[in-house]
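Asks: Just so you know, the protein sequences line up as chains A and B, in that order. Note that UniProt numbering has the first sequence beginning at 1, numbered continuously upward. Note that UniProt numbering has the second sequence beginning at 1, numbered continuously upward.
Heads up, some of the hints might be wrong.
Since the list can't tell identical chains apart, any single copy or any two copies may satisfy a pair.
[What the hints assert, rightly or not] Within a straight-line C-alpha distance of at most 20 Å, the following computed SDA-like cross-link-like pairs (lysine to any residue) qualify:
hint: 1; residue 1: K177; residue 2: V14
hint: 2; residue 1: K56; residue 2: N25
hint: 3; residue 1: K36; residue 2: L23
hint: 4; residue 1: K138; residue 2: D44
hint: 5; residue 1: K6; residue 2: T33
If you are wondering where the hints come from, they were derived from the structure by calculation, not from laboratory data. Here the structure is a predicted model, which means the values were calculated and not measured.
There are 2 protein chains.
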Amino acid sequence: MALTIKDIAKKCGVGVSTVSRALNNHPDINKETREKILKAVEEDGFIPNNSARNLKRTDSKTVAIIVKDIDNPFFATMMRVMEEEIHQEHYTFFIQHVGDKQNEVDAALELVKEKRLRGLIFLGGYFQGQEERLGRIKVPFVVSTAELPDIPDKETCSFITIDNEQESFYMVEHLCKKGHKKIAILAAAKDDCNIGRMRLEGYKRALAEYKIPLHKTLIRHLDKNHAEYSMENGYQLMKELLKEGTTFTAVYAISDLMAIGALRALHEAGRKVPEECAVAGFDGLSYTAYYIPSVTTVVQPVEEMAKESVKSLFQMIESKKGVPGKILPARLAERQSTLGTGPNASGPVPVYNSEVKR
Amino acid sequence: MALTIKDIAKKCGVGVSTVSRALNNHPDINKETREKILKAVEEDGFIPNNSARNLKRTDSKTVAIIVKDIDNPFFATMMRVMEEEIHQEHYTFFIQHVGDKQNEVDAALELVKEKRLRGLIFLGGYFQGQEERLGRIKVPFVVSTAELPDIPDKETCSFITIDNEQESFYMVEHLCKKGHKKIAILAAAKDDCNIGRMRLEGYKRALAEYKIPLHKTLIRHLDKNHAEYSMENGYQLMKELLKEGTTFTAVYAISDLMAIGALRALHEAGRKVPEECAVAGFDGLSYTAYYIPSVTTVVQPVEEMAKESVKSLFQMIESKKGVPGKILPARLAERQSTLGTGPNASGPVPVYNSEVKR
DNA sequence: TTGTAGGCGTTATCAG
DNA sequence: CTGATAACGCCTACAA
Chain A
1 MALTIKDIAK
11 KCGVGVSTVS
21 RALNNHPDIN
31 KETREKILKA
41 VEEDGFIPNN
51 SARNLKRTDS
61 KTVAIIVKDI
71 DNPFFATMMR
81 VMEEEIHQEH
91 YTFFIQHVGD
101 KQNEVDAALE
111 LVKEKRLRGL
121 IFLGGYFQGQ
131 EERLGRIKVP
141 FVVSTAELPD
151 IPDKETCSFI
161 TIDNEQESFY
171 MVEHLCKKGH
181 KKIAILAAAK
191 DDCNIGRMRL
201 EGYKRALAEY
211 KIPLHKTLIR
221 HLDKNHAEYS
231 MENGYQLMKE
241 LLKEGTTFTA
251 VYAISDLMAI
261 GALRALHEAG
271 RKVPEECAVA
281 GFDGLSYTAY
291 YIPSVTTVVQ
301 PVEEMAKESV
311 KSLFQMIESK
321 KGVPGKILPA
331 RLAERQSTLG
341 TGPNASGPVP
351 VYNSEVKR
Chain B
1 MALTIKDIAK
11 KCGVGVSTVS
21 RALNNHPDIN
31 KETREKILKA
41 VEEDGFIPNN
51 SARNLKRTDS
61 KTVAIIVKDI
71 DNPFFATMMR
81 VMEEEIHQEH
91 YTFFIQHVGD
101 KQNEVDAALE
111 LVKEKRLRGL
121 IFLGGYFQGQ
131 EERLGRIKVP
141 FVVSTAELPD
151 IPDKETCSFI
161 TIDNEQESFY
171 MVEHLCKKGH
181 KKIAILAAAK
191 DDCNIGRMRL
201 EGYKRALAEY
211 KIPLHKTLIR
221 HLDKNHAEYS
231 MENGYQLMKE
241 LLKEGTTFTA
251 VYAISDLMAI
261 GALRALHEAG
271 RKVPEECAVA
281 GFDGLSYTAY
291 YIPSVTTVVQ
301 PVEEMAKESV
311 KSLFQMIESK
321 KGVPGKILPA
331 RLAERQSTLG
341 TGPNASGPVP
351 VYNSEVKR
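Sequences and hints are given; from them, build the entire structure.
Replies: Pasting the structure below:
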């Protein structure tokens, strides 16, 4: 079997507790003893068994991030920022992925027990209908980039998100103000009841407010079986729309990836963007700033969301009280894909746009 | 304290071992007893403590993936494929991220002990000079998308990668064959000794083979302090090059992200691609197929690499013998960004390219 | 089929 | 400052 603390103790002629003290930087230990032990540890390549440690420990100064959707293109950034913030608090942390079929709350429940977590952050996931389960999590947690339902008997939880409906509304309003009246939307699958639906709602509300009738053929839903907000799916949706020949002067994709797929499809069909058709996305992926044409989009405040998530978590850990959820404002970045478009446009579309903020 | 197996036992009026048996689907247990127990477990929301389990267990049917660089854009795909493959073997698995400063091998060593892993896969990372440490990993492991140095006293390890130098060579050769003589390269930081250097070597060799003298000003290195292969860094590098006014007819970026940054910079400078300048990348990110113009690149066999990694791992787990490392061929995808370019070009550049394979 | 007891590798407690 | 020893929660002989 592998090396244990006992072996080290024996080798150094000390008791196991002394070794443990050396390993954990306890103050009450002779300097030389400590060094002798650490040297032996180094030499033999001894590694303490974390399972045993966690089993015994009550306190861990550890938090975890539970990530539901690896693919989500801005989770990488969020994780990096969270990592920094958590380290600043002198906590250790780790990231746990949960698969498509796994339940994120179950994973959390296990982890809290296993690792003696002080708190955790959910990155993505879907929590409607999981109230009861969530209530079982005994440590504070924050749901990041997703809505959190009300949880009976649970105080120390919070959420950070943006107002998907409202931001979506702003985007469509932006198009309306330019005078667009035929605005197609590349939306989520029909039965979606997550952010996809919210963004669609925003679209509908904006049109209503601007007295533009809804055209069913301009609302394109993803297929149930290909429901990812991917470039490929955006591409396909756009192609179908083009094939049908319905007129439209603007396309709003509920995700940047879909917008890019759409742009590709438009390009291949010979439709010039933005001159002949405006295109807008949602999310604020950095890709969109580099695309040609650069893509108008709703930029999610990624860094801030990450920071606020961590902040809320530690607030709860320290105060043992809940903190209210936060809805952060996003930023509409107008880029070339909608520039100078629409009946209300005044001048020609600028050809180059180094001046457009990336 | 939280619920334990004892509480459940007491509640059901049985012994702890019976509960354990129910929990672990042991065959020798009365059906009704089992159901009674499971019902109680469900009711109380009991969750076994994994630390205790792992401590006791010797064997776990678990493998782990250790990911070094969250940002790497094709790791997401690789992870998904690996996940599928590992599940097919009826193993459980999890993904562990290690931070920039953390050492991946140390993380592995800990994990093996803690979770009683049967094997693990490193995704990314850097292993030169870590031979001794790697030798301490007592279970089989595979290094994916990175080189593995020779490890004394360690049989059951392997690697999966592509030949970065050779593939890079092919890409540059491709440009040479088109008649390009002034080929700029956007390369890694000067002191890079990883894939960045290999790709640069391939560039040099290709030029040598085609009797094209090296122009120092055409070799643009990333700055040490901004060494990521990012769009932003590619953009900056390209801008500098353009500013200097050196002539070139093609740009080869050692990563797709940098290529896209470069394309953006060229666009903003009014240089038409591919008409006035060819651009090529490396990696095969799906994004390149949707960019306008679509980007010629070296497509890494992502799926295959993932599958082969898992395959090799299980081969080693089962046979307890090492398997030789594999170097997989990549595919050069010619797309619009180099189409019909160079002195040897025959016709005009096609305007649309729905026919170009995405 | 079920219960009891011992031990997995640590850490915490408490004497020394 | 140091060393025994009892947990931590679970699994697994072994006995019943």
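Asks: Against this structure, judge whether each hint is valid.
Replies: Tested hints:
no.: 1; hint: K177 to V14; verdict: neither (78 Å within a copy, 71 Å between copies)
no.: 2; hint: K56 to N25; verdict: within (17 Å within a copy, 27 Å between copies)
no.: 3; hint: K36 to L23; verdict: within (11 Å within a copy, 44 Å between copies)
no.: 4; hint: K138 to D44; verdict: between (39 Å within a copy, 14 Å between copies)
no.: 5; hint: K6 to T33; verdict: within (15 Å within a copy, 40 Å between copies)
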